[in-house]
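Using the sequences and the accompanying hints, generate a full structural model.
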Amino acid sequence: MIVVIIALLTLIGGLVLLTSTGYKSYHFSKNRAQALYLAEAGISRAIREIKDNEDHDEDGGVGSISEILLTYSDGSLAGSYSVECVLGGSSYTLTSSGIVNKGSENEVERKVSAKYSVPGGGEGIEEFRHIASYKTSCSQCLIDLGAYETSNMPIPDMDFFRDNADYIHESGFTSEEDELTGVYYIQGDAKLRKGTTLKGTIVVDGGKLTVEKECEIDPSESPDSYKRDFPAIVVYGGTGEVTIKKGIEENETEIHGLVYASDSVQTNKHCSIEGVIIADEIEVDEDNKIESEEVSPPGFLGGTPLGGGTVTLVPGSWQELSQ
Amino acid sequence: MIILRKSAVQEEKGLALMEVLVAVFILAMVLTPIIFYFGRNLNKVAEVRSASIALNLAKEGMERVRIGEFSECPDSYDKTVDESTWQITYECSDLGTSLIKVTVKVFKGSATDPLAELVTIVESSE
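So the sequences go chain by chain: A and B.
The opening residue of the first sequence carries number 1018 in the working numbering; numbering runs sequentially from there.
The opening residue of the second sequence carries number 921 in the working numbering; numbering runs sequentially from there.
Read the hints as simulated data drawn from the structure, not as lab findings.
All figures in this text were calculated on a predicted structure; none of them were measured in a lab.
The beta-carbon is built from N, C-alpha and C at its ideal position, and this holds for glycine as well.
Treat the hints with caution; some may be incorrect.
So the derived label-pair ranges between C-beta atoms look like this [what the hints assert, rightly or not]:
#1 B:Thr1017 to A:Ser1334: 19 to 25 Å
#2 B:Cys1012 to A:Leu1338: 27 to 33 Å
#3 A:Asp1072 to B:Asp1014: 19 to 25 Å
#4 A:Ala1024 to B:Cys1012: 50 to 56 Å
#5 A:Leu1094 to B:Gly1029: 24 to 30 Å
#6 B:Glu980 to A:Asp1180: 47 to 53 Å
See below:
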């Protein structure tokens, strides 16, 4: 009798132990799976910041994410994630951490790392300093106010602009009329005289561009609808400089679109740029009004790493860092 | 002397009624909780098994979201595992800036409470 009872007790004890272990194992598996998906959520958020070139979580860096909590549909806490972002060469290395039951003895953390390339970069590309200024208003605080610095300077597709040009000038250009329309492709130096309005784009190949006071450049007014999202100014090769002369208060110089210069962009007083500036060096007057537009204009090899730009996973770079 | 011997033999062979009742009582007291716990643990084993199946189905549902471009919230679908029908459902909420929070829930049969739930954030391709 006693032997039978002991045997039954042993059996039931084993069963209880087995069930308990099963439950623990299930919860551990579930928490591990959830931690992985939290880490992946962090990567998605970081990629979005990089694509938009905007610090959505306002943690002080584009691509990095400070701890964010994620809940289930009933409002209970699923866990948290955070991401570190390191820019190197032409790619970002993102390290995302997903944590479930943070701080408890059942805490589970999974870390994944992945490398993402941005257009315009790649092997053999010379180190450039590429700055796209967003909502910046003074040269001294360009970086502090959200300028974007990376080594992969976008490269304009000059053949694209030449093929789409309405006017081609092969030995420099100085505007004679007050109103110009269409895409101007100029080889050599170019100058827009005082008061010139260009309803289109000016592309300078192997020279510099000078914009005098009271000028206006607006590609969105271009007669060809497909050219309305072109950049406003592209200056590539040669000296690669854009100089916007000092305007006047009553009628400031207005640029509505992206300004690209392979070397430098310099603006002076009474100038308004409604777009992104991309250049190796940018010097803008502190009184200038510069606002970004989340656009990714055509005409750049591989696109621009600006709003809507493509960011692609480097194959084979995804890895889990800790178990 | 002979009579005494017989009496002694009779005492060794049988149990008094009281002894039998006590034995049955003890057995009942011991076996009842044992059987109760045994049955309960068998149910728990089944629960763990169901939860594990649900978790794997939730992971499968989540992988469908992670692979490829995400353009719209996937439709719910059913799966049959071990003669049971499981329903895998998706809930999507727009977080702005083209980010979608996706919750995968797995229900067994017509149950209203999910057996497994996982959540993540994906980028919308639109």
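message: If I claimed the Cβ atoms of cysteine 1012 of chain B and leucine 1338 of chain A lie 27 to 33 Å apart, would that claim hold in this structure?
response: holds, 29 Å
message: The hint says 19 to 25 Å between aspartate 1072 of chain A and aspartate 1014 of chain B; measuring C-beta to C-beta, is that right?
response: Cβ of aspartate 1072 of chain A to Cβ of aspartate 1014 of chain B: about 20 Å, so the range 19 to 25 Å holds.
query: Does the hinted range 19 to 25 Å hold for threonine 1017 of chain B and serine 1334 of chain A at CB?
result: holds, 24 Å
message: Against the range 50 to 56 Å, how does the distance between the Cβ atoms of alanine 1024 of chain A and cysteine 1012 of chain B compare: consistent or not?
response: holds, 54 Å
Supplied distance hint 47 to 53 Å, evaluated on CB atoms of glutamate 980 of chain B and aspartate 1180 of chain A: holds, 49 Å
query: Okay, leucine 1094 of chain A versus glycine 1029 of chain B on CB: inside 24 to 30 Å?
result: Because 28 Å falls inside the window, the suggested range holds.
Comparing the model with each numbered hint stated earlier shows that all of them hold.
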